[in-house]
Amino acid sequence: MLSSTSLTIGYHQPLASGLNLQLRPAEMVCLIGPNGAGKSTLLRTLAGMQPPLKGSVKLGEADLHTLPALELAKQLAVVLTGRVEAGNLSAYALVTLGRHPYTDWRGKLTPRDEEAVQHAMRLTGCDVLASRPIHELSDGERQRVMIARGLAQEPKILLLDEPTAFLDLPRRVELLQLLKRLSRETNCAILLSTHDLDLALRIADKLWLLSSQGELHIGIPEELALNGSLARIFRSEGIEFDHASGAFKVHQPVCGPISLHGDKDGVALAWTWRALERIGYEVHNNGVRRPIHVDVLDAGHWQLTTPKGQSKHVTLESLITALPATCNLQPIT
Amino acid sequence: MPTPFPKLGLRPWIVILLIAILALAFILSLTLGSVHIPPEQVLRILTGGEPDKASWADVIFKFRLPKAVTAMLVGAALSVAGLQMQTLFRNPLADPFILGVSSGASLGVALVVLGTGAGGASAFITGLNVFGDLSLAVAASLGAGSVLGAVLIVSRRVQNTITLLILGLMFGYLTNAIVSLLIYFSQPERVQAFSLWAAGSFGGVTWNQMRVFSPVVLSGLFISYVMIKPLNALLLGDDYARSLGLNVRRARFWIILSASLLAGVSTAFCGPVWFVGVAVPHVARSLLNTADHRALLPASMLMGASFALVADVIAQSPGSQFVLPLNVIMSLFGVPIILWVILRQKQLRQSFAS
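Same order as they appear, the protein sequences are chains A and B. Just so you know, we're using this note's numbering here: the first sequence kicks off at 1 and counts up by one. Just so you know, we're using this note's numbering here: the second sequence kicks off at 1 and counts up by one.
Treat the hints with caution; some may be incorrect.
Quick partial rundown of chain A residues pointing at chain B, CB under 7 Å, derived from the structure [unchecked claim]: (1) A62; (2) A73; (3) Q75; (4) L80; (5) A86; (6) Y92; (7) P101; (8) G107; (9) Q118; (10) S138; (11) G140.
Calculated from the model, a selection of chain B residues having no Cβ within reach of chain A, i.e. all distances over 12 Å [claimed, not checked]: (12) P4; (13) L221; (14) N232; (15) L235; (16) A241; (17) T290; (18) F322; (19) P336.
By construction, these hints were calculated from the structure, which means they are not laboratory data. Note that the Cβ used here is the ideal one computed from N, Cα and C, for glycine as well.
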C-alpha cells in the first residue's frame, strides 16, 4: 500500500539511498537503528513532510509527495516524537482535531465524526480520559491520546516517531502491544521507530534495520537475528548482539572463563549465568570443565570448584563472594 | 447512560452571560461621563424618544454613542488579534502589534505630527493635511498598511513561523528608533501632540470615519471566524497541522491578514491601545479553561469589547472634566484584575508549548 522504489532520503547529503520499502495493511513494522542513522528522516519522508532526494514514495497508485495535503491526511496519520503541549485542551477535544481533514470550514463535527473520534478513543482505551485536560495526563496516557488522534483520521497508515521514548518499561510493553492490536483491529499499517530492540524483536511483524552507513535490512525479526544482520549492524556501533539469547551483551568478559553446569531448563541456571557474566566471567556451558567450575544443584544449592578446593553455597551472593578475589586468574591448561 | 465525552465549544449560558455583561457596560458608558444621564433617559434617547433635556440627545449621539461603538469594536478587534497571534506564535506574550503593525502606524503618525518642516517628509505631509482631521488616521493607516503588506509578502516566503516573529520584532525596533529620532529633533508641543495620540483614545472617531473604521474591523473579525478551524489545528504545532492536511502557509497568511487588519485599523483611529490584546485572551483561557478557539474566539471578542467599554468609562472619570489617558487606565486597573484571574488558575504554563 505504501511503497517506495530506489528512494534516497536526507536533507542535503543523502543519509540512505536505494530504499525499496513496502508497508502492508495490518502490519506492524519497527524501524530500528542507531542514533543519527536517519530514522526520523525516513519517517518524515514517508509521511510526506520532507521531499525525497531521489526516487518516490507511492501511496497505492499515487505519488505521496504530490498528493493534496487533505487527501494525504485522510490516508496517513503521524505521531511525532516529543511531548505534545497543546494548552488546556481536553483529551476529547484533542482527538477531535484528527477529524480536521473531514469536517467543513467551521470544523463542525457530524455524528459520523463524533462516532469516529469515540471509536478511536475506545480502541486505545482513552475513552475514560475524555474530559481530562491534556496537561494532567501521564506520558503514557498522553501518548495513547495522540495515537487516538491519529486513528481518528481513519488512516490506512500510521507512522510513529519514537512513541516509547518517554515511557517506563511497563508502559513501553503496553504501548507496543496496543499498536500491534490496533494494526490487527483497524487493518492499518503501522510503522514506528524505536530504540527498544528487545521489545521490537518480540512484538514487531517486521523489522526495518537502518545502519549508520545507510543500509536498510528488512525482514521478520527472527530472520534478521539468525542471518546475522542484527549482530553486524550493532557490532559497528560497538555493541555485541548475542544470537543465542537474542539480546545485547552488556558485559565484556574480563575475568577469564568459568564453566557452569546445571539443569538446562532451570531458571536457577539462567540467573546464575547472568550473575557470573555480570561480575565479568566468560561463561561456558558446553560440558568441558574449566579450572573454576560451578554446579547448580537442586533448588537453591550451588557447588563451587576452584583449584583451591570445593565449597557449597545456599545463596547466589555467597557463591559470588567465594569466587577468587582477583578475577584476572589465569586459566590453567 | 451519560456519555463520558464532553461537549465542545461555548456553552449557551456563557454566551448569554457575556452578552449581558456587554450590554450592561454599553448602557453604563452612555450613562456616565462629564454629565450624568440616567439610564432610563439613555434608553429613551436610543429608542427615538424625547429626553428631559434636549442637549442630552446631542451628547449621546454626537459623542458617547460613537465612542462606545468604537470602544467595543477596538476591544473586540484587539482581543481577537491578540488571541490569533498568541496561537500562531505559540507564545503567551504575543500581542496584536507583534508583527510591527502599530510601529508602522506610529511611524506614519510621527512623520505627520513631528516631521512637519523636517526636510524631505514635509511635502508628503502638506499633501496629507488636505484631509484635515483625517490626516492622522490616514497617516497611521498608510504606515500600518505598508508594514502589513511587507509582513504578508514575507510570510508567504518564510517557512518558519519564528523567523517571522523575529523579523516583526526587528522591524518594531527599527521604527521605534526612527520615531525616537524624530522626537529628539522636534518642538516640545509637537512631541506632546504625538504622545497624546500614543496614549490612545476611543473619542476621536466621528460617524463619518466610522464608515471606514467599522467595515474594516468587521471584515477582520469575519476572517478570524473563518480561521477558527486552522487555529485549532495549529495548537499542536506546524508539523501536526500539516499532517492534518492544513496548508500552514495559507492559513498563516489569512491569520496575519486578519490580525493585522484589526490591529492596524484600531491603531490608526485610536492610537496604540496596549494591554487588551495580551490580557483578554488569557482571561478567556483561564475562565473558560480551554484552548479551543471555537470557545475562545467569541469569548475573547465579547470580553474585549466589555473590557474596553469599562476602561473608557473609568478614563472619562465620571462627574469631572478630566479625561485620563486610556492606556494608563487600562494598565492601572486592568493589571490587578487580570493578574488575579490568571494566578487563580495554575495552568498558564501548560497553555503553551515551548
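A quick look at each hint next to the structure:
1. Hint status for A62 of chain A relative to chain B: violated, with the closest Cβ pair at about 15 Å, above 7 Å.
2. Contact between A73 of chain A and chain B, as hinted, is supported at the beta carbon level, the nearest pair being about 3 Å apart and thus within 7 Å.
3. Checking Q75 of chain A against chain B: minimum C-beta separation of about 10 Å lies over 7 Å; hint violated.
4. Given hint, L80 of chain A at the interface with chain B, holds; its Cβ is 6 Å from that chain's nearest Cβ, closer than 7 Å.
5. Against a cut-off of 7 Å between C-beta atoms, the interface hint on A86 of chain A holds, since the closest Cβ of chain B lies about 5 Å away.
6. With its C-beta approaching chain B no nearer than about 5 Å, Y92 of chain A sits inside the 7 Å limit, and its interface hint holds.
7. For P101 of chain A, the shortest C-beta to C-beta distance to chain B is roughly 4 Å, which falls under 7 Å, so the interface hint holds.
8. Interface restraint check: G107 of chain A against chain B, minimum CB-CB distance 4 Å, threshold 7 Å, status holds.
9. Restraint check, Q118 of chain A versus chain B: the minimum CB separation of about 6 Å is within 7 Å; hint holds.
10. Taken as an interface hint, S138 of chain A does not check out: its beta carbon lies about 14 Å from the nearest beta carbon of chain B, beyond 7 Å.
11. Checking G140 of chain A against chain B by beta carbon gives a least distance of about 18 Å; that is not within 7 Å, so the hint is violated.
12. Distance check on P4 of chain B: its Cβ comes as close as 5 Å (rounded) to a Cβ of chain A, failing to clear the 12 Å threshold; non-interface status is violated.
13. A cut-off of 12 Å between C-beta atoms confirms that L221 of chain B is not in contact with chain A; the least separation is 15 Å.
14. The Cβ of N232 of chain B does not lie farther than 12 Å from every Cβ of chain A; its closest approach is about 6 Å, which violates its non-interface assignment.
15. Not every CB of chain A lies more than 12 Å from the CB of L235 of chain B, the least distance being 5 Å, so the non-interface label is violated.
16. For A241 of chain B, the condition that its CB be more than 12 Å from all CB atoms of chain A is violated, with the nearest at approximately 8 Å.
17. Not every C-beta of chain A lies more than 12 Å from that of T290 of chain B, the closest at about 6 Å, which undercuts listing it as non-interface.
18. Non-interface status of F322 of chain B relative to chain A is upheld: no Cβ of that chain comes within 12 Å, the nearest being about 41 Å off.
19. The claim that P336 of chain B lies off the interface holds: its Cβ sits roughly 23 Å from the closest Cβ of chain A, which is beyond the 12 Å cut-off.
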